[in-house]
Amino acid sequence: MGFLKNLISSNKNDMSVEGTVEQGLLIFDSVNDVIHAEATLKMAAFANIKVVAPPPQYRTGCDLAIRFPIMERMGIERILKDSGNEPRDIIYVNEELMQPTEICSTKDFGRYLMVRSANMKITVEKETKMIVNISGGGCSDVPYLALDLIGKTLDSASTPRQIGYTLCAYTLNIAFDEARRLLA
Amino acid sequence: MKTMLLAGTIPDQNLSLAVGTAQLQGTSIIIDGRSFSLNRGTAAMIGAVCATADFLGDTAPECIIGGDIGTREGSREVYRYLIKHLPKTHADTLCLHYIIPDIGLHNQVLTAVRKMQAKPVMIADAGFMYVAKASGQAPFYDLFLPDIGELAFLADEKASHPAYTRGFLTRLEAEPAELIKKTHSFGNAARYLCVKGRTDYICHEGAVIQQVDEPVVEELEPIGGTGDTVTGMAAALVHHGYAIPDACATACRANRMAGLLAQPTPATQIHEIIARIPDALNRVLSEHDCCSTQQNEFIFQGVQP
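In the order they appear, the protein sequences are chains L and B.
This note's numbering numbers the first residue of the first sequence as 1 and each following residue consecutively.
This note's numbering numbers the first residue of the second sequence as 1 and each following residue consecutively.
Quick caveat, the hints were computed from the structure, so don't treat them as lab data.
Note that CB positions come from ideal geometry on N, CA and C, so glycine has one too.
Be aware that one or more of the hints could be misleading.
Stated by the list, open to error - Facing chain B, a subset of chain L residues (Cβ under 7 Å, in silico): (1) PRO55; (2) TYR58; (3) THR60; (4) CYS62; (5) GLY75; (6) ILE79; (7) THR106; (8) TYR112; (9) ILE134; (10) ASP141; (11) PRO143.
Stated by the list, open to error - Simulated crosslink set (DSSO-like; lysine-lysine; CA at most 30 Å straight-line): (12) L:LYS107 / B:LYS84; (13) L:LYS42 / B:LYS84; (14) L:LYS42 / L:LYS152; (15) B:LYS182 / L:LYS107; (16) L:LYS107 / B:LYS158; (17) B:LYS84 / B:LYS119; (18) L:LYS81 / L:LYS126; (19) L:LYS107 / L:LYS152; (20) B:LYS119 / L:LYS50; (21) B:LYS182 / B:LYS158; (22) B:LYS84 / L:LYS50.
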């Protein structure tokens, strides 16, 4: 576990996507593991990590990976081991990897506000902050998230990141956070 | 007798796999003796198929449903069932829906389809559409039904999931024709696309061939499941014998009409829309002469069957 592969480049002196800092990539078995690892690492003040799409060799169709400055590898591995959520693999990367969209748009329905991020939408009653609808998406946890979240307020509901498992949940969480920010 | 096969997942942690004929009963569907509420997603799609098939006098669809809240187990059960049973199954129409994308298992499903005695009409939406595109196998399908955000994903040659789609949706909505062209040119389109949005676009080989923009019911956009009901109605109409473009146009119009009849708010739930489908279909089919056959489809395109 945690062995280092030089998958993308055999030349460690290649320029990386973040200037001259070498980048590593943490590969996990599921989006859910990535979501928890990201939260763990951010709690531990690893500020320079980013969630990105894994390279094609590692893709299943619904997956995330974590990019990190390779100089922080030892600390990151230790934190993840202590949390019981070690990556399946660690690789070098020096190519641009796609990041999940963080852009949101809104639509005002008077009493209700809809916030959209990529393929996911959440609609909230403005006065009560109650979640009244969730739409979009295609992964299996979207109907599950809707069942859990609808009828709860933005403040009392679990976040999609806490209870979801897929990229659709990850994207819904971006809209969820934006709704919280707009209606704070 | 013609057979329609629907596959997808429902958020039931106690369910491994349910296989059987679906029945619509009030706000639930019954499959294999189990009751599932008409929630958004595959349940809503099946509900719309049942309502439409019943309206048309057709037999109810056969369903393969995995219980999955996102942990992949139910999705894998569905993939494995399809891989094992499709080669010896007869189906005229196969509609594939919510599932965790898995490129390897998806490609095995397509291998199983190729072993069937006759290839069914292949319809994909939601997770199955995502994985069809991510695997580079989109042209194997006859119909995709993306919304505008998912169209942007199909048009993005690098994105493996809509979460990675580049570009700003507000701008994209104003330029669907460009996205439709890109989707086709990158080989990420099914034979037909039905793009669901403020205006619905029915497309073939990168060009818009029909548009539906009335009635306008703004409140439908935030209601979870309104895209799934279009997919269900379109699939049932195709299975009945409608040409794919006419099935899509009829489904889009009927979905808007069902929404209008339900007098929705952004808080309305999808079972309230599904309950209006028979009335909506009746009104739409009375107003529009959309009873073309598969043969007419080819005449419409100017292509020999």
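**Request:** Return the numbers of the hints above that this structure violates; sort them in rising order.
**Result:** Per hint list: 1, 2, 5, 6, 7, 12, 13, 18, 20, 22 violated.
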